[in-house]
Every structure is written in structure tokens, then in C-alpha cells.
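Visitor: Each chain is listed here by its residues.
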Amino acid sequence: MTEDHAATVADHSDAAHHVNYMLVFGALCALTLLSVLADLMGGIEALSNAIGHFNTKLIIGFIVLTVACFKASFVMLYFMHLKFEGKWKFVLLAPTFVLAMALVVTLAAEIAVHYYTFNTPQSAVTASVEHGGSAAPAHAAPAH
Amino acid sequence: MTHATATPTLKMGVPIPNGKLGMWLFLGTEIMFFTAFIGTYIVVRMGSPGWPTDPAVTHIKVALGGINTFVLICSSVSVVLAHEAMAQRNFKRATDWIIATLLLACVFLGIKSVEYYGKFDHDILPGRIPETETLALDKLQRELDSAFKTSELAVLRKKLADWEKTPDAETKYAAEIKKSQDRVTALGPVEQSYKELRTKIKGREIDLHQAEEQLTALKSAAQNENFARGLSSVHEPHVILYGNMFASSYFIMTGFHALHVVIGMFMFGGIIWLGKTQRLGSQHGVLVENCGLYWHFVDLVWIFLFPLLYII
Chain A
43 MTEDHAATVA
53 DHSDAAHHVN
63 YMLVFGALCA
73 LTLLSVLADL
83 MGGIEALSNA
93 IGHFNTKLII
103 GFIVLTVACF
113 KASFVMLYFM
123 HLKFEGKWKF
133 VLLAPTFVLA
143 MALVVTLAAE
153 IAVHYYTFNT
163 PQSAVTASVE
173 HGGSAAPAHA
183 APAH
Chain B
861 MTHATATPTL
871 KMGVPIPNGK
881 LGMWLFLGTE
891 IMFFTAFIGT
901 YIVVRMGSPG
911 WPTDPAVTHI
921 KVALGGINTF
931 VLICSSVSVV
941 LAHEAMAQRN
951 FKRATDWIIA
961 TLLLACVFLG
971 IKSVEYYGKF
981 DHDILPGRIP
991 ETETLALDKL
1001 QRELDSAFKT
1011 SELAVLRKKL
1021 ADWEKTPDAE
1031 TKYAAEIKKS
1041 QDRVTALGPV
1051 EQSYKELRTK
1061 IKGREIDLHQ
1071 AEEQLTALKS
1081 AAQNENFARG
1091 LSSVHEPHVI
1101 LYGNMFASSY
1111 FIMTGFHALH
1121 VVIGMFMFGG
1131 IIWLGKTQRL
1141 GSQHGVLVEN
1151 CGLYWHFVDL
1161 VWIFLFPLLY
1171 II
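Protein chains in written order, with the numbering used here: chain A, 43 to 186; chain B, 861 to 1172.
Careful: at least some of the hints might be erroneous.
To be verified - Per label pair, the in silico range of CB-to-CB distance: (1) B:Arg1058 x A:Asn97: 38 to 48 Å; (2) B:Gln1070 x A:Ala69: 24 to 34 Å; (3) B:Pro986 x A:Ala144: 37 to 47 Å; (4) B:Met892 x A:Gly128: 35 to 45 Å; (5) B:Pro875 x A:Pro137: 13 to 23 Å; (6) A:Pro137 x B:Gly1063: 32 to 42 Å; (7) A:Thr108 x B:Leu995: 32 to 42 Å; (8) B:Pro915 x A:Thr108: 16 to 26 Å; (9) A:Lys125 x B:Leu924: 27 to 37 Å; (10) B:Thr1137 x A:Ala154: 46 to 56 Å; (11) B:Gln1138 x A:Val133: 22 to 32 Å.
Calculated from the structure, these hints are not laboratory results. The beta carbon of each residue, even a glycine, is placed where N, CA and C say it ideally should be.
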């Protein structure tokens, strides 16, 4: 296939699919605002006390990462026109997705999930703070 | 007998221009490049209880990250509108949209520079952050030494020593020598406080909290003196657990992202040059589309960096 012919094909395919980009833009802005609101939610002390500090962080993390996935989907589907591309997109992008997931899963087993007692200089400080030690944790340090 | 029926042309490969296929393959490698950093960051973060999240400590500003997200979303819209203008063969409008994208990229980098300045100013740099009290005192000792070496007092002492070596300096520079000696005398109490603090820190006679208080007192005592200028570079001693890994992750991810922004700006510069020299034509449709695909990918990476670095 020549470049000229291919360009014509591409032009034709673009012309066939009109996207309301301003609608996508609005959705992306609204989702960004939602992420910032979720961040502000973390600062509400009453909420943190009611459901626990760890749970609050977990919920906020879940919300903002879900929002990020939706935003990424909008960009890929409409701005990058993947919605209108052929099935080649799956062949091309599937391996990268597998690698991205595999990296996290394999490293997590060693680094994130502590089956054995975790022993690093930093974990000693954390343990000391948990048991009422004097080491200054990061969140206790005042602003510069 | 003739064979008049036309056989259909054999089409091989994917039904997109080769250039576009090349860009998608490149973006495939880019996805793996960034997911290596992002994935490792997520894992390290999950395995590090006590990771710094307080904005007062990390100097991460959610507002600046949010504005930059908005700026990149706007730039994604402008680049896709440039692509649409190319399809409609309106090359002037396409050039204008690319100029808008380039300007938005400048805004993004400007805000990023402000953030980087904050990190450098507070020494939130890989390998520089004390993660234990001993390291914090050690850093304070080093910074005090360095401040003293470059202080006005050290400069004056060196001048006086040089004059002593000069044969007729006492008559030639009498006024300057007198002035310098008076200044050294005036700075005496500040120097004394400095030396006391330095000795206490070196002998580990005080804890981090006391050291911080005494440093504040020393800075305030030297406030009206040029000596304070050197002391202003001495940071408050703070322990930031996992601070070095945090700084490394922050700089590697945002640094490579910013590098991609700069490369994108050069691409847009090329298109603008073609547009301004009236050479941008329908033959450049795939070029503009590829630059757009690259730019959307840059936006895509930021969409994940924003919550991971600024919010969670």
C-alpha cells in the first residue's frame, strides 16, 4: 500500500467519524475536578475519624485512579481515535498492557507484600514511632 | 481470449499509513518505558509504610498539578483541532491550533519549573534527604560548615591575612584594615553562637528538636548581619522517612515526562515553520496526526502521574 493511498484511507476514516471534542474536553475537566475534590475530601477530619485514616486514603486512592482510567480512556478513544481504528490496535497494544501489569504483580510479591519480617533502616524508624519512640516521622515535621 | 476482469489489488498489513503504524509502534515502546517507572513507583510505595504524603514536607502542590492537568487537556484539544483542520485542508487554522498547543506546552513547563524550584530550594533531592535523626544532624553540621566557609566573617579574615603578608599594607590600607577589624569584632557574638551550636551538634550533645531551636535563634541573631546570608542556605533539620526514594521517583517520572514535552515542542515548532512558510499541505496530514498522537500520549502519562504523585 502506498503512503498516498493510505493517507486517503486515513482522511476518509477521519471524515466518517465526527467527534464532539468540546464534550470530551468538558468530561476531562469535570473528572480532573473530581480528583481534586477527592483530595480535599482527605482533609476532612470528621470523615477520617469516622471511617479511619487508612480507609479514607484507600477510598481516595481508588476514586482518583478510577477517574484517571476514565480520563485515559476518553483520550485514547476520542483524541487518539482508537474507537474508530481497526482490530490491529488490540494486537499492537495488548503486549504493552500485559508487561505493565506483569511488572507490578511480580515486583509486588517481593517488595510490597511483606511475608517475612520487614527489616530496613526505615522500617526500624516506623516501628519505633508505632511503639511510642522519639524518631520524627515525616508527617510530624513542620513546614520549612 | 482476453481477461478483462480486474483482479483486486492485494493489500497487506494494517490499513493505516506506514508512518502512523510506526508512531503507534513507538508509542507501544513508550507505554512500556513509562509503565516501568510508574509500576515500580506503585510497588515501592505499597511496600513503604510511612511514605511522605504531607504537602508541607514534600512540597507537592495539588493546585499546581491540577492546573497543569487542565493545561495539558487544553493542549490535547488544540492539537486534535489542528488535525481536524488538516483534514478540512484549512492549513492556516491548523497552524494556529499548533501555535496554541506550543504556548500551552510553555505554560506547562513554566509551572513545572516553579515546582522544581521549590524542590531544589528545600533540598528535596535524591540522596540529600536525612531519613534518621543522626543523618539530619550530620546534614546540619555540613551545611553550617559550608555556610561559615562562605560567610562575611571568613571573607574578612582572609582579607586581613592577605594584608598581613603585604609589606606596606598597614599604611596603604589602614582605613580598610580598621573597618574590617571592627566588623570582625562586631560579628564576634554571632560567631560564638555558631561555634557553640557546631560543637554541640558534632558531639551529638543535643537532639534534633533542640538543634532546630538553636538554629532559629542563631539565624535571628544574625538577621541584621551579612552573616545571615550564608546561614539562609542552612535548611531546618527534618527527618523525611523514604524521602530519598520519594525524590528519586518524583524526579525520574516528572523529568522524563517534561523531556517528552520538550521534544513535542520541537515537533510543533517544525509544523509551525512549515505553516508560516506556506508549505504545510495535505501531504503533511499524517505528520500532524502523528505529532498529535505523540502529544496525546504525553497527556495520557500526566493523567496517571497527577493522582499518583499529587493526590494519593
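Visitor: Hint by hint, say whether it matches the structure.
Guide: Comparing the hints with the structure gives:
no., hint, result
1, B:Arg1058 x A:Asn97: 38 to 48 Å, "holds, 47 Å"
2, B:Gln1070 x A:Ala69: 24 to 34 Å, "violated, 54 Å"
3, B:Pro986 x A:Ala144: 37 to 47 Å, "violated, 27 Å"
4, B:Met892 x A:Gly128: 35 to 45 Å, "violated, 22 Å"
5, B:Pro875 x A:Pro137: 13 to 23 Å, "holds, 21 Å"
6, A:Pro137 x B:Gly1063: 32 to 42 Å, "violated, 59 Å"
7, A:Thr108 x B:Leu995: 32 to 42 Å, "holds, 38 Å"
8, B:Pro915 x A:Thr108: 16 to 26 Å, "holds, 23 Å"
9, A:Lys125 x B:Leu924: 27 to 37 Å, "holds, 32 Å"
10, B:Thr1137 x A:Ala154: 46 to 56 Å, "holds, 54 Å"
11, B:Gln1138 x A:Val133: 22 to 32 Å, "violated, 40 Å"
In summary, the numbered hints that this structure violates are 2, 3, 4, 6, 11.
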